[in-house]
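Participant: Those protein sequences? They're chains A and B, same order as listed.
In terms of our numbering, the first sequence opens at residue 110 and continues consecutively.
In terms of our numbering, the second sequence opens at residue 386 and continues consecutively.
Hint data in this document are derived by calculation from the structure and do not stem from the laboratory.
Here a beta-carbon is modelled for each residue, glycine too, at the ideal position from N, C-alpha and C.
Hints are supplied without guarantee of correctness; some may be wrong.
Quick list of simulated restraints, FRET-style, between CB atoms [as the list claims (entries may be wrong)]: (1) Q286/A <-> L835/B: 31 to 41 angstroms; (2) W817/B <-> D283/A: 55 to 65 angstroms; (3) D283/A <-> D762/B: 21 to 31 angstroms.
Quick look at which bits of chain A chain B covers, simulated, 3 or more residues with Cβ under 8 angstroms [unchecked claim]: (4) 124–130; (5) 133–140; (6) 145–157; (7) 287–295.
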Amino acid sequence: MNPTPSMASPSPEPPSTRRLVVRLLLVVAAAFAFGWAMVPFYDVLCRVTGLNGKTPGFQAGGLAGAEAASRIDPTRTVTVEFTGTVMPGLPWDMRPLTASVDLHPGELQQVKYLVRNTSDHTIVGQAIPSVSPGQAAQYFHKLDCFCFRQQTLAPGESREMPLTFIVKPEIDRDIRQITLSYAFFNIEEPRREAR
Amino acid sequence: MDIATRHPAEQHAAHPAGLLRWLTTTNHKEIGTLYLSFSLVMFFVGGLMILAVRAELFQPGLQLMRPELFNQLIGVHALVMIFAALMPAATGFANWMIPLMIGAPDMALPRLNNWGFWLLPPAALLLTMPFVLAFFGVGSGAIDTGWTFYAPLSIQGGMGIDFAIFAVHLLGISSIMGSINIIATIFNLRAPGMTLMKMPLFAWGWLITAFLLIATIPVLAGAVTMLLTDRHFGTHFFKAAGGGDPILFQHLFWFFGHPEVYILLLPVWGLIPHILSAFTRKPIYGYKAQVWSFVAIGVLSVIVWAHHFFTAGMPVPALIYFMFSTMSISLPLAVLFFCWIATMWRGSMSFETPMLFAVGFIVLFGIAGLTGLVLADVAADAQYHHSYFVVAHFHYALFAGGIMGVMAGVYYWLPKWTGRMYSETLGKWHFWLTVVSFNLTFMPQFFLGLAGMPRRIPDYALQFAEFNAISTVGAFILGLSQLLFAWNVVQCMRGSGQRAESRVWEGAQGLEWELPSPPPHHTWEVQPEVK
Numbered sequence: 110m111n112p113t114p115s116m117a118s119p120s121p122e123p124p125s126t127r128r129l130v131v132r133l134l135l136v137v138a139a140a141f142a143f144g145w146a147m148v149p150f151y152d153v154l155c156r157v158t159g160l161n162g163k164t165p166g167f168q169a170g171g172l173a174g175a176e177a178a179s180r181i182d183p184t185r186t187v188t189v190e191f192t193g194t195v196m197p198g199l200p201w202d203m204r205p206l207t208a209s210v211d212l213h214p215g216e217l218q219q220v221k222y223l224v225r226n227t228s229d230h231t232i233v234g235q236a237i238p239s240v241s242p243g244q245a246a247q248y249f250h251k252l253d254c255f256c257f258r259q260q261t262l263a264p265g266e267s268r269e270m271p272l273t274f275i276v277k278p279e280i281d282r283d284i285r286q287i288t289l290s291y292a293f294f295n296i297e298e299p300r301r302e303a304r
Numbered sequence: 386m387d388i389a390t391r392h393p394a395e396q397h398a399a400h401p402a403g404l405l406r407w408l409t410t411t412n413h414k415e416i417g418t419l420y421l422s423f424s425l426v427m428f429f430v431g432g433l434m435i436l437a438v439r440a441e442l443f444q445p446g447l448q449l450m451r452p453e454l455f456n457q458l459i460g461v462h463a464l465v466m467i468f469a470a471l472m473p474a475a476t477g478f479a480n481w482m483i484p485l486m487i488g489a490p491d492m493a494l495p496r497l498n499n500w501g502f503w504l505l506p507p508a509a510l511l512l513t514m515p516f517v518l519a520f521f522g523v524g525s526g527a528i529d530t531g532w533t534f535y536a537p538l539s540i541q542g543g544m545g546i547d548f549a550i551f552a553v554h555l556l557g558i559s560s561i562m563g564s565i566n567i568i569a570t571i572f573n574l575r576a577p578g579m580t581l582m583k584m585p586l587f588a589w590g591w592l593i594t595a596f597l598l599i600a601t602i603p604v605l606a607g608a609v610t611m612l613l614t615d616r617h618f619g620t621h622f623f624k625a626a627g628g629g630d631p632i633l634f635q636h637l638f639w640f641f642g643h644p645e646v647y648i649l650l651l652p653v654w655g656l657i658p659h660i661l662s663a664f665t666r667k668p669i670y671g672y673k674a675q676v677w678s679f680v681a682i683g684v685l686s687v688i689v690w691a692h693h694f695f696t697a698g699m700p701v702p703a704l705i706y707f708m709f710s711t712m713s714i715s716l717p718l719a720v721l722f723f724c725w726i727a728t729m730w731r732g733s734m735s736f737e738t739p740m741l742f743a744v745g746f747i748v749l750f751g752i753a754g755l756t757g758l759v760l761a762d763v764a765a766d767a768q769y770h771h772s773y774f775v776v777a778h779f780h781y782a783l784f785a786g787g788i789m790g791v792m793a794g795v796y797y798w799l800p801k802w803t804g805r806m807y808s809e810t811l812g813k814w815h816f817w818l819t820v821v822s823f824n825l826t827f828m829p830q831f832f833l834g835l836a837g838m839p840r841r842i843p844d845y846a847l848q849f850a851e852f853n854a855i856s857t858v859g860a861f862i863l864g865l866s867q868l869l870f871a872w873n874v875v876q877c878m879r880g881s882g883q884r885a886e887s888r889v890w891e892g893a894q895g896l897e898w899e900l901p902s903p904p905p906h907h908t909w910e911v912q913p914e915v916k
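If we strip away everything but chain A, and leave its shape as in the complex, we get (with noise of 0.2 angstroms):
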């Protein structure tokens, strides 16, 4: 760029303002970024504070609960509730089996959820977990879940669906009932109609 603008120059803008704009672009562009950062970010505070009740996925639950079982906690009892809620756009019924269990910290239990598609045709829902409150789902292990993989229900058919998990000894003691609840999702999105 020519420093010393000429008459003829198109642009009458001094060069300390270009500077000053291309600056100031630069602040739109780390701001435009710090918004779509925020995504992963988001993802990662929750997992690690358990904000909105995200458990731990997949990876931490193996080894983790495996460790935590060898060191129940007899001296206290955690109510843990189940409920579950199909969500609009998939045609299934959903119910737990069990509605609650009283359990020690640190010991193993398996649940279950009863699923039934009550559809003509098949179709593949996902479930999304969430435990309240909040504070106790980093404390919440699954080992083995439906959720962690889609699932697929053909016309009429029922499936029982298992729930594997531990409760951390760590949880706080003032926590004496947890909730888990899921949500069923289509993963199949049907066209959305023009309304």
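Since chain A is already given, all that's left is putting chain B on it; use the hints.
Facilitator: Then chain B, alone, in the frame of chain A:
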């Protein structure tokens, strides 16, 4: 060749006339006029929408419209008022006044300025067109999620949401262009001798606003782009089914949305001290304190966003943090209030229309601030959130604090812009009708909210009927009295009324009053020396 010594005046012989002149203008005064006129038109468009809503709410039950249309009207009303009325009004002020007040010949980037304005009408069209399309049977109408676009509702809605997303993109680009231009103008084109700490407060208010805009509008642009890809390209940013999180949208939206409140208000806080000083015939009290309050509020505004969704579910330490950081904004704000009052203290006050609006602004905006403290309280917010208490609170902030402040500025500078005095009688009528009917409209809404009436619902329980009826009557008086304002402004623009002197108000301070009224097409081609 220096900007200050260029004489583009000769080119005006070939300047296009009529519509083409306005389409291609790069003059800061003409672009300022375009912004302000656009803002006035959209103010009435947004007002008509909400009058339809208030008419529906006059009685319990559904009388005039389906709930779908009701939902669309409240959302588009908010988007129009925020993005197409209040923000362009502030940008119009900046275009007209910042070069005049800091002794600059024009904005630093005149062609960008032209673009910044001409993106607005297409955006306004995008926002409102779905109403028309739905009338002809195309689509389901405009955006019906409220102005906040909350996912997952906004992922499921009709094509009005796509229109709104693209409108927000255009409006955002326009704001960013305007902000870059204002920062460049303030940093590079101040008159010799005008240091930053001698700069008029209005320019300071806008400088902070411009930085907030370029830091937060891109985040909103990112958020609505994610929404768009969730809707049409199978991504799962906000869809829980694919591992996304709807609450993330609220974080992204309000990271923009809270600073937006100060984006709307800082230009007004900048212009109010000038008016107070002029009509009390005293210098501005606490100039430095006000500048640093602006800076403090600008910084604080980007770290308090989550108080907009306390009830969405957050760990207690986060609630406590957002509560106290929100409340801490009241400290610099209190400094501003005390400076405004101290400016008036023992002044030789006279109450022309701009001063009436400025004093009305202080009182009513004070109510907005105090009720805001109530809402910032986590424990109280659990009851008040999403109720009419919130609606009343932010209308005290954005109508009394925003629109009435803008009107104070319009009355103050209109004689400078047009060279004509407005009708003082009509101006006073306008003020008193506005201030009485505004309180008639929104004071009952505080009580409705305390009694538990939820916002954004077209029907309500019988116990809320009286207050809603009062509110609707107030809203119609408020809407109709704004016609006086439009009439007063248009009369000045058409050149009727008494001629204005260059120093319109005897107590007015600042470089803009050194220029004739109206100022010639090009001003400060030789920059003034500030001592």
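Participant: Any of the earlier hints contradicted here, and which numbers?
Facilitator: none
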